[in-house]
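Sequences and hints are given; from them, build the entire structure.
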Amino acid sequence: MLTQRRYAARQTPMHHVLSCALVTIVLVGSLIAQTTPPDRGKPPSLGAPPTLKLPPIQHLKLSNGLPVVLLEKHEVPVVSLNLVVKGGSSLDPDKKSGLAALTASMMTEGAGKLDALQLADAIDYLGANVSVTAGFHTFSVNLFAPVARLDQALPLVADVALRPTFPTEELERKRMQLLTRLLQARDEPSSVASVLFNRTLYGATHPYGASSFLDAATIRSFTVEDIRRLHSSVFFPNNATLIVVGAVKPETLLPKLESAFSTWKPGQSPSPIAGEAKQVPERAIFLVDKPGAPQSELRVGLIGVPRLTGDYFTLLTVNSILGGSFTSRLNSNLREKNGYSYGAGSSFGFRLWPGPFMIRTAVQTEVTDKAVTEILKELEAIRQPIPAEELDRGKNYVALRFPARFQSVGEIADQLQELVTYGLPDSYFNDFVGRILAVTQADAQKAAQKYLDPGRIAIVVVGDRGKIEPGLRALNLGPVHIQSIDDVMGKAPDPGQPSGK
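Position one of the sequence shown corresponds to residue -3 (my numbering), numbered consecutively onward.
Worth flagging that the hints you see were computed from the coordinates, not collected in a lab.
A few of these clues could be false.
[Stated by the list, open to error] Cut-off 25 Å, straight-line C-alpha distance, at most; resulting in silico cross-link-like pairs (PhoX-like, lysine-lysine):
| id | residue 1 | residue 2 |
| --- | --- | --- |
| 1 | K91 | K170 |
| 2 | K69 | K57 |
| 3 | K274 | K91 |
| 4 | K57 | K252 |
| 5 | K463 | K373 |
| 6 | K446 | K373 |
| 7 | K366 | K463 |
| 8 | K245 | K57 |
| 9 | K49 | K69 |
| 10 | K487 | K92 |
| 11 | K245 | K69 |
| 12 | K261 | K57 |
| 13 | K333 | K463 |
| 14 | K92 | K274 |
| 15 | K109 | K252 |
| 16 | K333 | K373 |
| 17 | K252 | K69 |
| 18 | K170 | K109 |
| 19 | K91 | K487 |
[To be verified] Here are the in silico distance ranges between beta carbons for each label pair:
| id | residue 1 | residue 2 | range |
| --- | --- | --- | --- |
| 20 | G339 | R177 | 19 to 27 Å |
| 21 | S228 | E407 | 26 to 34 Å |
| 22 | R177 | P475 | 28 to 36 Å |
Even for Gly, the Cβ is constructed at its ideal location relative to N, Cα and C.
Following this line, the structure appears as structure tokens:
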């Protein structure tokens, strides 16, 4: 009794708090123990797709006819500008594949009265960034700058776009870089597989088949005159559109743009002509021998559809289920279920002309034939009705990811470039999620059966022929065509060999 009284006398308010907390923990723990554990075999719910509402897109025009697309975004005092010019690698001359990409890379190596270093220093001083890229059908001259420095940055980007100097010494430096990169690419199974895949589908003369690869002879053949000729043939205001996104208003922006671009005169630019796509006439295997390779690099696919297909939203959804996400069927099969690969995926190359549908993965050498079998199984399965729950997950995945493309002014400008390139309506982005969610099971099956025919695919494999050829032939999938690295990539270049100026 005395002991109990002494113990009670030592109790403090904190002891009572701790005692209550202990009881609470025990009770909560008991409740948790009685709760049914989560089903880890089912993916968590993605939640409701968000809505996207962009500010109005404004359409303006300079005095020389240059169209201006403006989207105001005033949260941060920065501006992004994309000058989009029709052209790109679709205009590469015969036997000059890669000229457009080289031209784009040379445009920041000196412009106006500034050499490469002076130009870079002037841009850095403003806290700005200027870059030039070449796609299949466009050149894009891009500027990112603080709004407070826009007056000083615009003349620099105008010089890059309209008055690049293309110095010979910079071309020679680029040439050496390209030859070195070619040497590296020859030793990369992924590069070899991609080059052969595109060439197999489209042939060596189609822009989509030729532009994926530069051989040593082509690299040595480039001249400054080639670059000047291509640039001067397409850089006209009536062949371009200027996209501006940021904290600017039209009444203050237009005078600045007039000052920078008004001397740019219209002209006549050539129209690209699509060569006839080769497309494999029957299913076949194209095997490139790389002795000792621990893995086999796989590319499986066929020519798909153009960007303006009416089945665009349906195919985005179908691809998300087949191979467009980490939880897709292909990745779940080859990585999670069978352990053949670290990852597998698929994609549609939506372009002005029909682009490729491609499945891409790398698998262990000893399971190459099994991996091909599983890929074909998934291609057959996606042509069957997709369960409603899986279709909903696929649609939600595409819809939930879409708004993330519009987080910065640069990302928004890049998205607006898609509208300009393909002539899409201003409402396209705000309507996107609704169009995805409207895809039905019947839509998905019809599109998959129409565009994903396992009987017309090219199967490109780069790996150890001695170990994988017997298994591939035993699959009886069609002819097996054997090629060497030299057949695909050309003879190994000697960087010390002089260029053909």
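How the hints compare with the structure:
Taking the CA atoms of K91 and K170, the gap is about 18 Å. The hint holds against a cut of 25 Å. With a C-alpha separation of about 20 Å, the suggested pair K69 and K57 falls inside the 25 Å cut-off, and the hint holds. With a C-alpha separation of about 18 Å, the suggested pair K274 and K91 falls inside the 25 Å cut-off, and the hint holds. Note on K57 and K252: the hinted pairing holds, with a Cα-Cα distance of about 13 Å set against a maximum of 25 Å.
Between the alpha carbons of K463 and K373 the distance comes to roughly 23 Å, so the proposed pair stays at or under 25 Å and holds. Taking the CA atoms of K446 and K373, the gap is near 17 Å; set against the 25 Å cutoff, the hint holds. In summary, the hint linking K366 to K463 is supported, as the alpha carbons are separated by about 13 Å, within the 25 Å threshold. This hinted pair checks out: K245 and K57 have alpha carbons roughly 14 Å apart, not beyond 25 Å.
Between K49 and K69 the alpha-carbon distance is near 13 Å, which keeps this suggested pair within the 25 Å criterion. Straight-line distance between C-alpha atoms of K487 and K92 comes to about 17 Å, which keeps the hinted pair within the 25 Å bound. With a CA separation close to 9 Å, the supplied pair K245 and K69 stays within the 25 Å bound. Pair hint K261 plus K57 holds up; C-alpha atoms about 14 Å apart against a cutoff of 25 Å.
Proposed proximity of K333 and K463 is supported: the alpha carbons are some 23 Å apart, at most 25 Å. For the suggested pair K92 and K274, the alpha carbons sit about 20 Å apart, so the restraint of at most 25 Å is met. A threshold of 25 Å between alpha carbons decides the hint, and for K109 with K252 the separation of about 20 Å falls inside it, so the pair holds. Of the supplied pair hints, the one linking K333 and K373 holds, its CA atoms being roughly 14 Å apart against a limit of 25 Å.
With a CA separation close to 18 Å, the supplied pair K252 and K69 stays within the 25 Å bound. The hinted pair formed by K170 and K109 meets the criterion: a straight-line CA distance of about 21 Å does not exceed 25 Å. With a C-alpha separation of about 16 Å, the suggested pair K91 and K487 falls inside the 25 Å cut-off, and the hint holds. Our hint of 19 to 27 Å for G339 and R177 holds, since their Cβ atoms are close to 25 Å apart.
At about 31 Å, the CB distance of S228 to E407 agrees with the hint of 26 to 34 Å. As the Cβ distance of R177 to P475 is approximately 32 Å, the hint placing it in 28 to 36 Å holds.
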